[in-house]
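Here the protein sequences line up with chains A and B, keeping their order.
Everything in the first sequence is counted per full-length UniProt numbering, starting at 1 for the first residue and increasing by one.
Everything in the second sequence is counted per full-length UniProt numbering, starting at 1 for the first residue and increasing by one.
Careful: at least some of the hints might be erroneous.
Said to hold, decoys possible - Now the in silico label distances, taken between C-beta atoms and shown as ranges:
1. B:D200 / A:G352: 31 to 37 Å
2. A:S213 / B:A15: 47 to 53 Å
3. A:S40 / B:A15: 25 to 31 Å
4. A:D348 / B:A241: 45 to 51 Å
5. A:K340 / B:G85: 54 to 60 Å
6. A:T319 / B:N250: 55 to 61 Å
7. A:D192 / B:E284: 28 to 34 Å
8. B:N250 / A:K340: 40 to 46 Å
9. A:L165 / B:T8: 48 to 54 Å
10. A:A15 / B:S381: 45 to 51 Å
Said to hold, decoys possible - In silico DSSO-like cross-links for lysine-lysine, where the CA-CA straight-line distance does not exceed 27 Å:
11. A:K166 / B:K285
12. B:K79 / A:K354
13. A:K340 / A:K307
14. B:K9 / A:K285
15. A:K79 / B:K354
16. A:K79 / A:K64
17. A:K340 / B:K340
18. A:K166 / B:K166
By construction, these hints were calculated from the structure, which means they are not laboratory data.
The structure displayed is predicted, hence computed values, not measured ones.
Ideal Cβ positions, reconstructed from N, Cα and C, are used throughout, including at glycine.
Number of protein chains: 2
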Amino acid sequence: MSIGTLTTKLDAFFAQNSFDEPHLAIDLDKVASNFKNLASALPEASIYYAVKANPEPQILSCLKDIGSCFDAASITEIKLCLSLGIPAKSISFGNTIKKQGDISQAFTLGIRSYAFDSEEELQKIASLAPGSDVYCRVLVDCAGADWPLSHKFGCSTTMARGLLLKSINLGLQPIGLSFHVGSQQTQISQWDNALEQIHDIYKDLKEQGIELSTLNLGGGFPTAYNAHVPSIAQYGGSLSAALEKHFGDNCPKIIIEPGRYIVGDAGVIEAEVVLVSRKNAEEEKRWVYLDIGIFSGLAECLDEAIKYPITVVGKEADTNLGPVILAGPSCDSVDVLYEKFNYQLPLDLKSGDKIRIHATGAYTTTYSSVGFNGFPPLSCSCI
Amino acid sequence: MSIGTLTTKLDAFFAQNSFDEPHLAIDLDKVASNFKNLASALPEASIYYAVKANPEPQILSCLKDIGSCFDAASITEIKLCLSLGIPAKSISFGNTIKKQGDISQAFTLGIRSYAFDSEEELQKIASLAPGSDVYCRVLVDCAGADWPLSHKFGCSTTMARGLLLKSINLGLQPIGLSFHVGSQQTQISQWDNALEQIHDIYKDLKEQGIELSTLNLGGGFPTAYNAHVPSIAQYGGSLSAALEKHFGDNCPKIIIEPGRYIVGDAGVIEAEVVLVSRKNAEEEKRWVYLDIGIFSGLAECLDEAIKYPITVVGKEADTNLGPVILAGPSCDSVDVLYEKFNYQLPLDLKSGDKIRIHATGAYTTTYSSVGFNGFPPLSCSCI
């Protein structure tokens, strides 16, 4: 199991601090280096950090200081960014589903960039955020992502073309298209397929006299969990090549919205083994129950979508291992983390042992329930 | 669509109170009448309300006043019950997965009844809650439940027999067995099957001189969502008959742990339509996005497990309807409520319309995330 996510700083932090409940620690140096690596790999892109991945104020401030812009999913995230001194022009309201009152508030707060993917949303933006920049999200094929995006977001390319034209009549500024190939997307070829669909619209609209200035490539840059994933340099190279192939010298301004890539492997959760048991004497697989589960931070273990590397504190790497089923502490039977995937943990594992769940910096804290079964939400330190 | 869950009180409450965010209202009279109906249907049983279903203090106080005992999943729930004046002897620590520190605390607070399903847990209870009553959860077949319980809880009957015997040597008081046929269990015959497995152990242990005093039938009493479910009187009758069939005159003291049945149909959520859209002009199904989703209270819509009745405020029953896909407001594509099940909503539905999600009193508030995408957790009023 390849890990490499426990930085010296995180190791020292957990050595010096003990927690009664599961705790996530984020290495801000790693956040910054991830940002810089991505910026180097795709120098033509402006990076809009997807605040929803982890909205800890220290993460946002760290990224602000090194030049990030921000993609906000809600008015709460917009207000949080503004409260940290992030200028409104660096914030995009990227959710295609926005309440009317939230659009009004955002506009009053100075936000001038809005996503949409439907006629009703476009009408709302036109009347509540007049004159703003708008970009239309389109549906692209996203097979190959570990956490795929279904059809919840985006419209057909035909509809996108019509709505961008309409936005002009509504007094808005159509700046381009956005798409998302799915979070943790590991098939580089998907970018190429998507860009082919996208370029057709840019070409069509140009022929009608409308120059779209911007192309939003979304997120989907992967964090290395257990499986091998291509390096970010490989990603950047392939993306640049695909952009060159489809747009040539007329490439629009590129925006990317990474979340997981920036914070995923910058975080490690320390948790505790609550119980090790067998359902009957003959069973080889032990059940290992942790004090963290689906409802207290590990929602992305649903359907075993994300397979975090797990290590046991104080156990040598050559400890004798055996197969386990991993589950959370709640009385809910859905709260099973890994049953099919063959996790191996030490044979002498017992109640009270501390474990580390690696690469858990993204989509953990805010997914926590407020207190399902009375268990507290996941706490977090940024160091 | 049969509903019948919007009581006059709830209707008046929502007519008089307006909320910017989704809001759950609980009719305490309905909570009390559900409790009384269950008590009448199964008069031989002591009712331990499953606090996890909805831990609102007013619900707990209401149930305390009419004679309920309480099943707690965590030390937090135990402390909450005690803070409301519920005596320790009326509280059972029903989670089979307990931290050592939590067992110690519970014992100090006077809790003397503990669930277990494994040797390690039994050892922990013996050393940290010496002399306490213990009951062993066994695995029973639970096909037919809408929200089934997998194999996370319970051990084999062979193991249960051995552990109950062992508990005596450890200085504990083995009081019996517990099992759970799955929440929202609608096949009455499952109770009969389970009791057959259970009775064998009572008989065996009696032959070894150990009289188990208690039998915990768990929960699983259903709330009527969309589908027809048997009445609680039918349930009670079948259960009583099954107990009589298997235990005859030697029936142990019966405990039940209802959660959903007590609070499910006592609650209604009022939420708002944020967006109505189509992905392309030809699509018949509209996408309807609400300001509540999987991560803000409707976790039981995962895999469309629970199908809540939904109505639109201010629309006549004979409004023209059309098929919809229902989704939550977050940027997460998993946050789709109903895509396969054919929900029908008015053809003139639009952003800003208020909707009611019925029978949502159980497993909603505490499942809410602390703030995924910046959306606030579900708030609740008890009236």
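- prompt: What hint numbers does the structure not satisfy?
  reply: The structure conflicts with hints 3, 5, 6, 14, 18, although it agrees with all the remaining ones.
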